[in-house]
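Please construct the entire structure, taking both the sequences and the accompanying hints into account.
If you want the building blocks of each chain, they are given just below.
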Amino acid sequence: MKILTTVKKVVDVELNMHVKDGAIVQDGLQYVINAWDENAVEASVQLKEKNGAETTLVSIGGGDNTDMIRKCYAMGIDNGIHIEDPALNKADSAIFAKVLQKVYEKEKYDLVITGKQAQDTDSGQTGIMLAQYLGLPCVSNVISIEVTDDKHIKVSRLGDAGTEILEVELPAVVTVSDSINEPRLPQMRGIMMAKKKKINEMDLAALGTSADDVGAAAPKSEVIEFMASKVRKAGQKFEGAAAEIAAKVVNLLANEAKVF
Amino acid sequence: MAKVLVVADIKQGVLKGSTAELLSKAKAIGAETAVAAIGSKTEALIPELVKAGSDKQYIADAPGLELFSAGPYAACVADAAKQFGADMVWFGFSESGKASAPRVAAQLNAACATEITDVKLQGNQIEILRPAIANKVMQRVKVNSDKLVAVVRAGAFEAKEGIAGTQNVVKLSAPPADLKAAIKELISDASGEIDLADADIVVSVGRGAKDKAGVDLVKQLADDLKAGFGSSRAMVDGGFMAHNKQVGQTGKIVAPSLYIAVGISGAIQHLAGMTGSKVIVAVNKDPEAPIFNVADYGIVGDLFEVVPILREEIKKVRG
Ligand SMILES: Cc1cc2nc3c(=O)[nH]c(=O)nc-3n(C[C@H](O)[C@H](O)[C@H](O)COP(=O)(O)OP(=O)(O)OC[C@H]3O[C@@H](n4cnc5c(N)ncnc54)[C@H](O)[C@@H]3O)c2cc1C
Ligand SMILES: Nc1ncnc2c1ncn2[C@@H]1O[C@H](COP(=O)(O)O)[C@@H](O)[C@H]1O
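Residue numbers (the working numbering), protein chains in the order written: chain A, 1144 to 1403; chain B, 726 to 1044.
Honestly, I wouldn't trust all of these hints.
[As the list claims (entries may be wrong)] Calculated cross-link-like contacts (lysine-lysine; reagent style BS3-like; alpha-carbon spacing at most 27 Å):
id, chain 1, residue 1, chain 2, residue 2
1, B, K1010, A, K1163
2, B, K807, A, K1241
3, A, K1193, B, K905
4, B, K867, A, K1373
5, B, K1003, B, K741
6, A, K1401, B, K935
7, A, K1233, B, K741
8, B, K951, A, K1391
9, A, K1373, B, K1003
10, B, K1041, A, K1401
11, B, K1010, A, K1391
[Stated by the list, open to error] Restraint-style ranges between C-beta atoms, simulated for each label pair:
id, chain 1, residue 1, chain 2, residue 2, range
12, B, A753, A, A1166, 27 to 33 Å
13, B, A889, A, N1194, 42 to 48 Å
14, B, A889, A, D1210, 54 to 60 Å
15, B, G742, A, L1158, 35 to 41 Å
Treat the hints as calculated values from the structure; they're not laboratory data. Quick reminder that beta carbons are idealized off the backbone N, C-alpha and C, glycines included.
Right under this line is the structure:
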């Protein structure tokens, strides 16, 4: 079985972020692996350990991705592809999905695992669009994957009415929730081995495609401005005897906030 | 005149409030409105769909559509969008919406945007507003396409009274089942509980409650208030709360009149799901807990002590 895992380098959401003149101030920011992609990597490695598989990751953009990709190698990923091209600087999810389609088509895979969303876009589209472009079945927001035979997997996803269990024919695309697993910490042996491994660096031309071909020359949507989001101000905070402050707050809720 | 197709949000046969909210917004931007209702026994909802403000109702009603399956669902929406000639397709905030929107966009060759909080229309030019990076920033997005498929963030638009539409029903043919991603089973969430998305008050419990006894204690407060009972991820991971109770970036986005966070630290991923609430109350024993940065009323104290008192005091003021 061949598994392709998509991994994006994103801004660390735990750090403070400021906006100036319609753009995010880069000072003090750090870039890390997208949390949901770490779950995707873990899911791929678990499938490899359980059923045997060759695992490949692909990451588009992010500049120098060496550290992130090595971390994934140390977790157990076998091969890494990094695609960097200035034409993709303004790419939206649909364009990333087109590029991923090209990667897939070069060397067919049985299963593609993506994160359910990227922490920088919060868009949750790429994996689903990739499946549409490839004409493959797709299940999103997946919380478990089990290989049933050469041609099928059984997955569960969190839906609106509860947990949905699906039988999926391979090849297929799944997007994973953070509830699917707890990503492992790389061990020393893995870290050492990861250092020796190559990363397959490519641009669009090397991938056999072009900006026009993947739609990057005319994106369907583009962010024209970043703005600071409305921050809630801290209100009143009460400390002291529980009986007193709890009564005070209930009073305020009734008489000031008027929610009761 | 722009045409907006709203996909009706139907849960267990019940039409959710977001449908009227989206239709109201569509009318407010001067659009012609239609609604697509997909599922089983959806015909029964026609009067409600009209009342919610739709001028045309595309109805897919088949037993095979009872369990959500993204392929057939998206196929129905795309079919309705084509028949209506929709410029925009809007989904309410739901897992089915999130799973379907990118498919519909790909099928219509449209732009796609999720979690939008506003739409502006100037002539044919569509512009949207949406939060990104766990709500840390807002993005203004220009749509370079004459078609947009969008998922609207919970609580973004308000329903207006008296915008009732007209009945004009178009039946959609049921698409074939997705045999390659076949839905086998649905393990239903406990029914009869208040849906977090509809609740006017939400009480959520976090790791501070420790165990089942703590969760039960906080649930009593929720029950007293007839509130939805939510959770941080920590309590879901701990097996104390069901997945569908998780509030936050990967869980439910809620925007009730009152949100009470009990024993929740206020991690950014949790805040992403609840800072749209009108009034926030936090109970936490750590005065430095980040949840206090967003709370209108913060109670620094041990929840095991505070919650029973809150219940008593609330009973006093509410009778
Ligand atoms: C990709 C990703 C997605 C995520 N999505 C979500 C999401 O959707 N929703 C979500 O909630 N989290 C999400 N998380 C997890 C999030 O980062 C936090 O780990 C989680 O919200 C913590 O839950 P908590 O506040 O209950 O627990 P903790 O952070 O452990 O906080 C417990 C709090 O309880 C207080 N406390 C302890 N004892 C008492 C007491 N006796 N009385 C009063 N207070 C007490 C403590 O002071 C502390 O502040 C996500 C994380 C990642 C990486
Ligand atoms: N530039 C990228 N490189 C690699 N994977 C990506 C990229 N963009 C998106 N993805 C994958 O698609 C998922 C969803 O992204 P998004 O649609 O932007 O929310 C992410 O979790 C990644 O797994």
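Status of the hints after comparison with the structure:
no.: 1; hint: K1010(B) to K1163(A); verdict: violated (36 Å)
no.: 2; hint: K807(B) to K1241(A); verdict: holds (24 Å)
no.: 3; hint: K1193(A) to K905(B); verdict: holds (23 Å)
no.: 4; hint: K867(B) to K1373(A); verdict: holds (21 Å)
no.: 5; hint: K1003(B) to K741(B); verdict: holds (20 Å)
no.: 6; hint: K1401(A) to K935(B); verdict: violated (31 Å)
no.: 7; hint: K1233(A) to K741(B); verdict: violated (36 Å)
no.: 8; hint: K951(B) to K1391(A); verdict: holds (21 Å)
no.: 9; hint: K1373(A) to K1003(B); verdict: holds (13 Å)
no.: 10; hint: K1041(B) to K1401(A); verdict: holds (15 Å)
no.: 11; hint: K1010(B) to K1391(A); verdict: holds (17 Å)
no.: 12; hint: A753(B) to A1166(A): 27 to 33 Å; verdict: holds (31 Å)
no.: 13; hint: A889(B) to N1194(A): 42 to 48 Å; verdict: violated (56 Å)
no.: 14; hint: A889(B) to D1210(A): 54 to 60 Å; verdict: holds (58 Å)
no.: 15; hint: G742(B) to L1158(A): 35 to 41 Å; verdict: holds (36 Å)
When the structure is compared with the earlier hints, violations turn up for hints 1, 6, 7 and 13 and for no others.
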